[in-house]
Every structure is written in structure tokens, then in C-alpha cells.
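4 protein chains.
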Amino acid sequence: MAIDFTLEPELVELRDRTAEFVRATVLPAEAEMLRGPGVPDDTLRRTLQRAARHAGVFGPTVPQELGGLGLDLRGQSVVLEEAGYCLLGPLALHCAAPDEGNILMLEKVADTAQRDRYLKPLAAGSVRSCFAMTEPAPGAGSDPSQLKTVARRTAGGWALSGRKWFITGADGAAFAIVMARTNAETGTATAPEATMFLVPADTPGFRVVRHVPSLDQGFTGGHCEIELEGCEVGDDAVLGEVGKGFAYAQVRLAPARLTHCMRWLGLARRAHELSLGYAAERTAFGSRLGELGMVQQQLADSEIDLAASRALIREAAWVLDQGRSGKHESSVTKTFTAEAVGRIVDRAVQVCGALGISGDLPLSAYLREVRPFRIYDGPSETHRWSIARRALRAAATKEPNR
Amino acid sequence: MAIDFTLEPELVELRDRTAEFVRATVLPAEAEMLRGPGVPDDTLRRTLQRAARHAGVFGPTVPQELGGLGLDLRGQSVVLEEAGYCLLGPLALHCAAPDEGNILMLEKVADTAQRDRYLKPLAAGSVRSCFAMTEPAPGAGSDPSQLKTVARRTAGGWALSGRKWFITGADGAAFAIVMARTNAETGTATAPEATMFLVPADTPGFRVVRHVPSLDQGFTGGHCEIELEGCEVGDDAVLGEVGKGFAYAQVRLAPARLTHCMRWLGLARRAHELSLGYAAERTAFGSRLGELGMVQQQLADSEIDLAASRALIREAAWVLDQGRSGKHESSVTKTFTAEAVGRIVDRAVQVCGALGISGDLPLSAYLREVRPFRIYDGPSETHRWSIARRALRAAATKEPNR
Amino acid sequence: MAIDFTLEPELVELRDRTAEFVRATVLPAEAEMLRGPGVPDDTLRRTLQRAARHAGVFGPTVPQELGGLGLDLRGQSVVLEEAGYCLLGPLALHCAAPDEGNILMLEKVADTAQRDRYLKPLAAGSVRSCFAMTEPAPGAGSDPSQLKTVARRTAGGWALSGRKWFITGADGAAFAIVMARTNAETGTATAPEATMFLVPADTPGFRVVRHVPSLDQGFTGGHCEIELEGCEVGDDAVLGEVGKGFAYAQVRLAPARLTHCMRWLGLARRAHELSLGYAAERTAFGSRLGELGMVQQQLADSEIDLAASRALIREAAWVLDQGRSGKHESSVTKTFTAEAVGRIVDRAVQVCGALGISGDLPLSAYLREVRPFRIYDGPSETHRWSIARRALRAAATKEPNR
Amino acid sequence: MAIDFTLEPELVELRDRTAEFVRATVLPAEAEMLRGPGVPDDTLRRTLQRAARHAGVFGPTVPQELGGLGLDLRGQSVVLEEAGYCLLGPLALHCAAPDEGNILMLEKVADTAQRDRYLKPLAAGSVRSCFAMTEPAPGAGSDPSQLKTVARRTAGGWALSGRKWFITGADGAAFAIVMARTNAETGTATAPEATMFLVPADTPGFRVVRHVPSLDQGFTGGHCEIELEGCEVGDDAVLGEVGKGFAYAQVRLAPARLTHCMRWLGLARRAHELSLGYAAERTAFGSRLGELGMVQQQLADSEIDLAASRALIREAAWVLDQGRSGKHESSVTKTFTAEAVGRIVDRAVQVCGALGISGDLPLSAYLREVRPFRIYDGPSETHRWSIARRALRAAATKEPNR
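Which chain is which? The protein sequence lines are A, B, C and D, in order. For reference, each letter of the first sequence is one residue, going 1 to 402 in full-length UniProt numbering. For reference, each letter of the second sequence is one residue, going 1 to 402 in full-length UniProt numbering. For reference, each letter of the third sequence is one residue, going 1 to 402 in full-length UniProt numbering. For reference, each letter of the fourth sequence is one residue, going 1 to 402 in full-length UniProt numbering.
Treat the hints loosely; a few may be bogus.
Here are the simulated DMTMM-like cross-link-like pairs (lysine to aspartate or glutamate), alpha carbons at most 20 Å apart as the crow flies [unchecked claim]:
| hint | chain 1 | residue 1 | chain 2 | residue 2 |
| --- | --- | --- | --- | --- |
| 1 | C | Lys398 | D | Glu232 |
| 2 | B | Lys327 | A | Asp4 |
| 3 | D | Lys327 | D | Asp143 |
| 4 | C | Lys398 | D | Glu13 |
| 5 | B | Lys398 | A | Glu20 |
| 6 | C | Lys327 | D | Asp4 |
Only part of the chain A face toward chain D is listed, based on derived beta-carbon distances under 10 Å [unchecked claim]:
| hint | residue |
| --- | --- |
| 7 | Thr43 |
| 8 | Thr47 |
| 9 | Pro213 |
| 10 | Asp216 |
| 11 | Thr220 |
| 12 | Leu367 |
Selected chain C positions facing chain B (in silico; Cβ < 8 Å) [what the hints assert, rightly or not]:
| hint | residue |
| --- | --- |
| 13 | Val209 |
| 14 | Pro213 |
| 15 | Gln217 |
Quick caveat, the hints were computed from the structure, so don't treat them as lab data. Note that CB positions come from ideal geometry on N, CA and C, so glycine has one too.
Okay, chain A solo, but in the shape it has when bound:
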């Protein structure tokens, strides 16, 4: 009951075990993947998850009753940083997006039948899922209220039609959580009512049209375009209540942002450590790079960025663990960390020079993976917008904004 950054001994033990597992098992797999296809497929995923289970590090974010480790967000902040130390770590530990966030949401909203049919196999890693929200312009993007996909009432169910775009993990997913308007006839453009539907991938009318090529390549199942046409589902496909889609998305959002931060922080740390190693060895102009002031400056700035990101993440995790919404804290943390992570990896590349650009180190792959984080889960601009408005409101009502 006081400011404390102590980690419980069991957490330290789990952290170290995770770190050891990642170094011994996952890093070699990453190296092989980067030399080869560049993309982790389901075979690799299954192999790694088996190994993680064996090492006792599977499912740090998965509730214990579903076979996971059931850590709270503070515990996740410690373990997921270690998982993220390698591109494939989160996949191996089964704490990667989008499944990780989907499990969380299903855990909170799904009914018993849905738990059995969707949540349990997902939590076990038997299947993958996707979250089908974003749409091509002029549909839902940064602004979800522009939702264009529509669900129309049928006898005993709903018919979905629309187009989803950049849906991570869609190819090979067993099911999608599809966000659709359920008041298209009556609603106005500015106030759509959205509902979430659980749609098995083999439902007629549900079609993965293509992989959208993308700067990042680390997600199993890619980022896909999905066509929904005459896609009929029963009433049992409705997740939670009709019309509460946006509210449920919020449930998923704040913690999902934080787990993103935790994972990417780990990757940034690895990038930084690679540059430290290089700077300690490589010489130029009669010095080791690490003795040159402009290199030191970059190394120091990355130390600072790592420390500040971690401190923000832990505080936001604590706020959410207290049962508070943590919207403000998670926006602040996500915005800072996404930019910090980008800076850190960029500096690591710069310190390593042409070697950093080359595929002889994983740094340029990391650079590709982390860039989108300033856009995914709310672009920095959207977060800044809500941070500012919240600060203005707090100032107006004289609530201390501490």
C-alpha cells in the first residue's frame, strides 16, 4: 500500500523462465524464419506453442480456468516484455494480437455456448481468430462510427454484408468477430448502432478476398480483405447484446493497447541490445563506436525511452488492475510507447549502419514491424485528440489531473 516496484518472487521466476525460453527456443526460430519465408505460419505457431506449454510459459494472459497463467496486467507487463524480446515470442506464448485481445473480450462477453464453441479452443491455441472492424474508405478506420458493414434481420438471424479491410490474422482464422451496423435502416449516419457477430470462417458468404500487402509481416494469417455478401448467421452469433458493439470494443481496447506496448517494448529492448553489442565491438576513426559521443547519445536516449515506456506501462497496468477504466493512462502510454519504440529501433539501425539495414541482423525486420504501431490501435493523432480533450475537461471541472 505504497509506491512499490517490487516484483513478487514467483513473477521474477516466471519472467526469467520466459526470458530463458525465448532465448533458447524462440530466437533460433526467428532467425530461421527471417532467413526463410519471413512470415510465421501455423505449423511454426503450433510447434512453438507446444514448446511453450512444455516450458510452463504458455498463456500468460489466458485465464487459469482456460488453461493459462492468468496474470494480472502488472504481471503481464513483466512477462510480455520478455515474450516480445523476439518477434515470435508472443506467438509462442499465445499472447499475440489479435487472439490475446479476443480471448479477453470473449471471456467478458460470450455466453456459455459461445465459450464452449469459440473461446475454449481459442484459449487453448487450437484455432486462431480475427477481429473484423476496419473497412476500406469511406468506412470505419480511425473513426469507428463510419461503420458501413450492415447486419439485416432475417427470419431467426442476421444477414451480413460489407467489406472489411486489413483484418489481421484472417487467413486461416477459424472464426471472425465481425462488427456491423444493426440500425442501418433506422439509424443516422452519425450515430450507428453496432453489434458484434461471431462468424465461423466457413460460413457461406464470408470470404477472405486477398492478403493486403503490408510493411509488417509478423502476423500469422496476414492482414486480409474480407467480403461479406449474403452471409447469414443465427441469433446465437450475436456476441453479448445487440447494439453494444462499440461498448464491447472498448472493453477490448485499453488492455489490448497495453499488451501491445509490453510486447513491442521487449522488441525495442532487443534492438537496443543488438546495437549495444555492435557499438562495443565495431571501430571507426580510431575508437570503438561506443566511445563516440553521437553514438552514446543514441544509446542513452534509447535507455531513457525504454525506462519511460516501462514506467508508464506499469503504472497504466496498475490502474487497470484496480478496476478503473484507464482510458487516459492507456492512451498516454500507447502514444508514448509507440513512438519511443519506433525511435529505439530506428536508433539501433542507425548505430549499426549498413549492417542494421541489411538482413544480417534482424533490425530492419524489426523496423518494419514496429512502424505500424503508431497507427494500429488508434493512431497517435486520435489518442492525442482524446488526451487533450480529457485534459481540457478535467481542467474545466477543476478535477485534479494527477
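Here the structure of chain A is known, so what remains is to put chains B, C and D in place on it, guided by the hints.
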């Protein structure tokens, strides 16, 4: 025994009492000072400290046995931010530099006689002190090892000679803690042995030559130049042991950096709140400023900077409270916070436009006060240098740098 | 008729003469002023202008028929940088704001009687002037259309009433150019019609209420608040045509922005040179500062900022010299240069450490003077707004935006 | 003979013709390449170069007597920006690295036989070349003096041995310009004497070992690793004089840096225009993106970066066209432009959100291509180092550094 940001109820109570005292009593005094002389003199200091004592908020960093509140650094991080909310707050609460750091060091190093003679009146606020380390070029600056002031053995004591520069609070201080070389004859240029001396201001040969004009004006007693010529002191003037000056300076350094951060964070928060208030009222181009994206961006960035600074400060405070040296953490925190505070106040000025530049708000005064913080207590470059070297060493020895 | 950066020999000669005059005559005066009052008064102004006249460098921006050197903007870009090398240089050469811009505007808009009465003595440096546009909130600030000062028709003239704020040079000015609404009864809030009036300072009802205290102190006559109450002027006080006030303000704006950039560029160069000199001498940690990478980085960044600012200024000057409006170019140049100048002076302070903060160098005075430049003559936000809108329009109409 | 940014009518005509050619012919080829292999092969190169020849835009940097347009650097600054508007433009116009720089150097250094054998077919685009300087650690990188490849005297020639790394365009090049030490036996580690050799790719002992995978993919022939083992060449393979390799590299360096800047500036402009188009169309939160302040800020910053880069490039081009070395100017320009280009493309991606990340726009491909520019041709740190040292020297000798 887990990551926790909870504040104990008594601390919350003290924080709120401090905040209330600062708003009710100290802010009006600040406004009057800024309209008038611009510099807080000893009369103002005494008046404010009396009021603080009355309000039960005097001496948050002063040990209880010396009449203070005896907070640990975590507690200080909470209370000193509130004190710093106003330029005069730290002075009022008697937790301003340089006395605050000097009390800390004397508490650790002074012998019984020195405690009675120097520490007790200083802790009580009856007198002021100064820390005389820096010298004009080519003497001690960012690099203390360039120390040129010399103490030579005399019969039964020491004769000090040299010149000190930019000594904060010197004019009106009852005594100075003077750093001088005690191996000038035998020592080499690169490895001076330094000793600290307690020198009463009325010692013959100790002379405050002038106030060095300075961008910042908030320190009682200014930044002064001191001449030491034939300044003779007894053996009882040696603070601690001969030759341990640099080691004792380290004792003072890490916590003093942090309390600086805490205080300036408070001032930055006030600057930010002033800009929030202005942005909520002032209109341009058909909107309130607070509705304009470029203003929102600045407000959001300041929210982020405040949160990251605070999180770093609290973690570093915790590290020091554990009895660890916290050199790395305090360097990271000081570097980030000094720059963040500068950015925050600068943005507040920018948002308020010409009003921010004018003396009709205190913002331009704040801008002047916070700029030097990137230089005082180790310029950012020196901190980055040691952060980088420490990171390189840690990487080399495979110690996790978590 | 090709890309060319050659300076004509006469211009080189004038540049060098100006530089020599500034170094020999104006820099010592600056040093004395900074040691003393901190503000240049009219006596100093007259003395310096006499010397400048004697050295043949008086009035670089003043038309030849009015006794000046009549340089075009490209020539001004070369000479005003040299003038700006010292805080008092522009005053000495009579190319300081606000007179410099007022002369330009009067030259374009004043009728014969107004030229005789106002322009000639102003051009000769016999009197000073001010430009009374900005108002306290909620009046005209960044958004001039919020103009609240009103001119009402009287028999044979106009009665002005309102309040002006932050009017540079007002105290001691012989006359003010006052911007006032002339359609207050009929106009709507969103489309005020503005007119400029030439108001002698001794007109009854025109009153300089106070000096607004300000971060910068370099302008003779300060930044003042002016009260207009029952201030009656004749029809001959109307500058140009009724209702064209905003259009005339535009005439003044683009070139005035550029001459600001030229002058501040000179000051930034001096700050940079001071830091180069210090870095070449001062040692720390066994090296000269100039051999330390983090210092080199700052010095190099300032070199880059100086070069980019100068290149932008010269191109914008050329655009205006071609008779084109140069709105876009002057906005781009002003925004970049204002921020670059701030960075350069800030880096110079940082490199010089506590000495940079102290008044023993003029750097901290420069820091105070240049900060407002990001706000004066259109804050960076307003310029970015118009730059972006212009770019969007150009893209829409497929005009190349080269 | 005065500051002038006017473009001669013929240059304007060539610029517009180039722009038209790029839009009509090269952009479609780029789109096809990005959808397909991602790498431009020699077939595509030949096709595009034929079309460029047909359009009269082939060889802007190639001397007229070698069949090119023979533009000076100012002319190149105008035309190469248009060429760079598309990834394949420089290849199509035959002004891409590394051939463009190699032609320049051969033109200055090659003897008659070498001109016939190497330069003429290269200038005509019949063959490609590469410049083999950099080596794997601990060899030549940012610091060329760490050169490890050795040329040993044989009867009538030289035997080369060593390893080159990241040699752009090596796969498929007809010949390489290989930098090797010719004083390996006698020379010291710190002062290697380097010589350039013209080595046909089919010389026994010259072997392209592999493509080094790389973040950027736009160079025909990739970035390769080359092994030299018992690679024997005659005396006629020596380019220029023995021992002058570093001096010749300097010949190539300053203009090659500038042409890089010109080309990348064009690509940055295209990225920016794509984001302008998107911002003008896409809506969010009830506005077009282009009406949102945070988006406007990014668009404006890119306008400023484009303008400043262009102004610096043109001035540096003029300096070199005057026959001056332009080392300082080209370092300043390269450092600024490389960073500006990176910022511009990054902002364009950010404005376009997930679409910017996706391959549905070329922006993420651009992001990959421009990142290395901060490293290639001297990393920013090396340039800053020499800029600072030059500034310090100039300050010391009181040469004005204008």
C-alpha cells in the same frame, strides 16, 4: 510487495494540504514577487516558512528529529510536486535547493559539533547555506575533476584559496560547503583529491565578489562568485574525512537530482494548467483554441511528458528508498524530466501566444527558471554519457539491464 | 537567368562594411546595454544611428529617395543578417521592427501629405512609430478578424475607441498606425471591415496605459497597452482607403516576416559563433568540448539550421523581388527560421553550460529575445495552418507546388 | 550575377518533359513492379531506358559527348527531382546510383583505353557497374581508412584479395571499381594507401557470393557480398594513379551525395502528394482529414522540409558548379535532406494510416527505400562530425563561415 502506485492516506492528506497551502498562500506571494522585485528575499522566505510551519507542511525532506516531516523519497515525490507548483513553494516549505541537498549531506556526514553548529539552524530555516563547487574556466564545471581551488595545510588547519563561480544562494548564506583540493602539491592534474570544508561566511578571506547575472532569478541569494584568499579554517571545518569530497558529493547528488525533478515537475504542471485554462477560453478562427488540432497536440504532448516524468521519478525514488545507489535511474530521470519540463513550459507559452510571452502570466518567468535545469546538476550531455557507458558495460557483462 | 547565389561586388562591400561597423561600434554598445539597463533607449538609438549614417550603412531597407540605401529584399537578406549579428544592430542601421515595416507600408499607401508628415521623419529616424493591431482577449490576436477597436464616423472625421495590447515601440512613438473596424454598426462579427488610421501620439484620447512586461526586452519603447477613448481624428488620418485595412496589413506582412528572419538569423549566427569559441577553448573530461561528439552534434545541427534558414530566406526574398506575393514562401521561411533560430540559440546556451545561462555572455539575453519570434508575426501554428491549406488547394487543382 | 532562382526556359521545358515522361511511362511500371517482384531487373531497365531515350530525357547527368544531356548540377537538381518522383525514374533516365557516380568519376580519371572499354558502354546504358568500397567489420565502413582488401604486386599487374560487402548493383554488373590497399606490406594501420582497380566481373577470382538481404530493394543488382581471391588484373586496371584511391573517392563523393538528395527529394514529394490527395478525400470524426489540425501540421512540416531541402540542394549545386569543392555544403545538404526525406515519407504514411502501411499505396515501399539514405554515402553522424570540425576550424581562423 508488488507493483503498486497507491498512496497511503496520510500522504494523500499531506499532499492535499500542501496543495491547498500553496494555492492559498504561496501563489499570491509569487504573483506579488513577479510584479515587484522578481527575486525572493530572506524576509519573504521567513514569512512563508512561518506560514508553512503553521500549516504543518514545513520541512518535507527534513528528518523528523530535526523538526521536519521526514518523508522518504517516494513521499517527497508526491509532496514536492505540489510545492513546486509555485516558484516560491519549495522555499516556503524549506525544501528548496541548495539547502535541501545540504541538509541531506550534513545529516549523513557531519560530526556532532558540526550538526549543532551548522545542521540544526539550517534544518530549522534560521540560516541559509551554499554549496561551493563550480569554478570559472578552466576549473571545475561539468567535470568536477578539474577542481582548482586549493586547501593547504597550516598549523592546526587549512588555508583555502581559489575562486568559485555560480554558487547558488551564496549572498546571505551563513556558511558555505567549499570543495577544495587537498593534494595540490602531490596530486596529479587528472586525479585531484578533494575535501569539503564548512566555511562560515564571515571567515576572513571568504568574500562574495558579485552576483553573476543569470537567466533564472528564483533563488534567494542569487548565483554568486566567491573569492577565497588566505581563508583560514581549523581542522574542525573538515566535513567528514579529508580526501572524500567527491564521494560525499555523490551522496548529495542522486537524491538532489530527484528532488529537483519533483519540484520542476510541479511548476511544469502549473504552466500546463494555465495553458489549458487559456485554451478553454480564448477563441481564434471561429473556435476555442482547445478545439484546434495543433493546440490539442501540444496539450496532449504535455500530458504525456508530465505522466512519463512522474512515473520515472517515482520509480527512481523507490530505487533510492531501497538503499540502492540509483545512479542510473536518477540520471535517466533527471535527463528526461529536465527536457520534458522545458518542453512543457515552452508549449504552455506557445499556446498562450503573446500573453504567454508577457508578464501578465507567470509563464515567461517559468520559462526562464526551468531552462537552466538542463544544465544544473549535470548537463544532459554528461548524464547521457554516463547512461551510455553504463549500458555498454551492462551489455558487456550480460547483466540484464532491466 | 539561372540559379545563382553570387553576390554583386557592391553588395559584398556593403555587407563587409556593415559587419565591420557592427563589430566595432554596435557590439560594445550591446555589451554596455546588457550590463546596464537592458533596454535600448532613444538616446542610444540616436547615437548609434548617427554612427551608422557616418559609416554609410544607415537605412538598408529605406528607399533611396527617402535617404536610405534602397536595397531589394535579396540585398536586405545579406545586409540585415549582418545587422542582426548584434541585438542593437537593426536599431543602429534603422532597419528594426516596427519602423522598418511601417516605412514600407507608408511608402506604398500614404498620400502626399501623409508622406510629408509621417513617412519622411520616420524614414530619417527623427521619430519612431508603432503598429497598433493586437488587442487583449477576446480581441484581435492571431486572428485579426476578431478586431474589437471601433472607428465611428463623426462630422469630418472619426472617433476611435478600444484597447490595444502588446504594441511594440508605443512608448515614445510619435504616431501609431491604428487598425479599427469601420463597419461596427453594420458589419457582422465574422466579416469586420478594417481601416488604418494615422494617430499622433499626442491626440487627446490616445493613451499609453502601461508597459506590458515581457520576456524580450530589446525593443525601444517596449510592448505597451494603449487605450483609445474618444480619440478623434480627421479624415486625413485614414491611411489609404476606408475598409482596406486588412489588405494593407498584408502588404506589410510578407516582407516584414522576412526581414525578421534575416535579423534573427544574424543573432543566431552570433550565438553559434560564441559557442564555437567556447567549445574550442573549454575542456572537460580530458578533451576540449569541441572534440566531444555530443557537442559536435549540436554545433553541426546549428550549422545546418543556419544554412537552411539562409537558403530559404534568399529564395523567398527573390520571389518577392519578382513582384510575386510570396505568401507561401514567406510563411514557410518564417516558420522554419523562427524555430531554427530558437534551436540554435538554445544549443549555444547548452554548449556553454552555466556560462551560457549567466549574463557573462549575451546568450541568455538572446534566448529571451528570440523565443517570441515563434509567436510574433503569426505563430507557427497559424502559418502551418495556411501552409497546409494552400498545399491542399494546390494539390486539388493539380498546380505543381514547386 | 545576383541571387537568382530563375530556371532557364530550356530547363523548364526539360523538367516538364521529364515530369510528363515519369508520370506517363514510369509510374505505371513502378506500380507493376511493386505488385510483382519488388525489384527492377535488367529487362525492365532496358525497356525504360529505351523509352527515356525516345522521350529525349535519357542521361541528364551523362556528358553530351557520351550521349547524355550534360546538365550541370543546378540543372540536375531540377531534372533529377522529377526523375526521383518515381522509384524507377532514375533508372529509366540512367541517372541512378551507382552508375551515375561511377560515370562521373571515370569521366574525370579514366585513361583513353579505360574510357573506351568501360566508360562508353556504361554511359550508354549497355552495361552496369558497381563501386566496391565497403567491407564487413572490421573493414572499411563509415571509416574508409579501415580498408582491409589488399592488392599485391605481381609480374605485370596486381593480385587482389579481400571481401567486399553491401556492394550495390554488383550482381549483373559488367565491372567493379574495387578499392584496395596497395601499401599493405609497408603501410601502417592508420594510414593505408588505397588504389582503385577496374575489375571485369568475369575476372577469375572475382566472385559475387550472395545478395545481402536489405530493407531497401530498389537497386538493380541488389547489395552484394563479393569475394576477391587470387583475383589478378593487369596494370591497365589501375584507375588513375596508384595510391590516389581516397582522393578519387572524394571526387565522386560530393556530387554523388547531391544527386542522391535530388532523387530522394522527388520521391519525398511524391509521398507528400499522395498524402495530400488522401487527406483531401478521407473523412474521420466529421471532417476531411485535411481539415484536422494535427494532419495539417504534418502536411505543413513536409512542405517546409521539401522547401528547405530544395533550397539547400540548389545552393550546394551552385557551389559545386563554381568549381569549388563544396564539401561543407554537400555534407550539410546531405545530412538535412536525408533526415527531411525520412520525415516526409514517414508523415505521409502516418497521414494515410493503415493504407499507408499497406501495399495498396507505394508509401511503405518508399519508407523502406529512403531509410538507408541516412546511412549510405556517409551516415549522418560522420557528416555532423566533419561539419562541426570544419566549423570549429573556421571559427579558429576567423574565416567567416557564411
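A quick look at each hint next to the structure:
1. Distance restraint check for Lys398/C and Glu232/D: the Cα-Cα separation of roughly 57 Å exceeds the 20 Å cut-off, and the hinted pair is therefore not satisfied.
2. A hinted pair counts as satisfied when its Cα atoms are at most 20 Å apart, and Lys327/B with Asp4/A qualifies at roughly 18 Å.
3. Our distance criterion of 20 Å between C-alpha atoms is met by Lys327/D and Asp143/D, whose separation comes to about 17 Å.
4. Straight-line distance between C-alpha atoms of Lys398/C and Glu13/D comes to about 18 Å, which keeps the hinted pair within the 20 Å bound.
5. At roughly 13 Å between alpha-carbon atoms, Lys398/B and Glu20/A fall within 20 Å of each other, so this suggested pair holds.
6. Pair hint Lys327/C plus Asp4/D holds up; C-alpha atoms about 18 Å apart against a cutoff of 20 Å.
7. The criterion of a C-beta within 10 Å of any C-beta in chain D is not met by Thr43/A, whose closest approach is roughly 23 Å, and the hint is violated.
8. Annotation: Thr47/A was flagged as interfacial toward chain D, and the flag is violated, the nearest CB pair being 24 Å apart, outside 10 Å.
9. Taking 10 Å as the C-beta contact cut-off toward chain D, the hint placing Pro213/A at the interface holds, the least distance being around 3 Å.
10. At about 7 Å, the closest approach between the beta carbon of Asp216/A and any beta carbon in chain D falls short of 10 Å, and the interface hint on this residue holds.
11. The interface hint given for Thr220/A is violated, since its Cβ lies 17 Å from the closest Cβ of chain D, which is over the 10 Å cut-off.
12. For Leu367/A, the interface hint holds, the least distance from its beta-carbon to any beta-carbon of chain D being 7 Å, beneath 10 Å.
13. The criterion of a C-beta within 8 Å of any C-beta in chain B is not met by Val209/C, whose closest approach is roughly 13 Å, and the hint is violated.
14. Annotation: Pro213/C was flagged as interfacial toward chain B, and the flag holds, the nearest CB pair being 3 Å apart, inside 8 Å.
15. Hint status for Gln217/C: violated, given a least beta-carbon distance of 11 Å to chain B, over 8 Å.
When held up to the earlier numbered hints, the structure conflicts with 1, 7, 8, 11, 13, 15 and fits the remainder.
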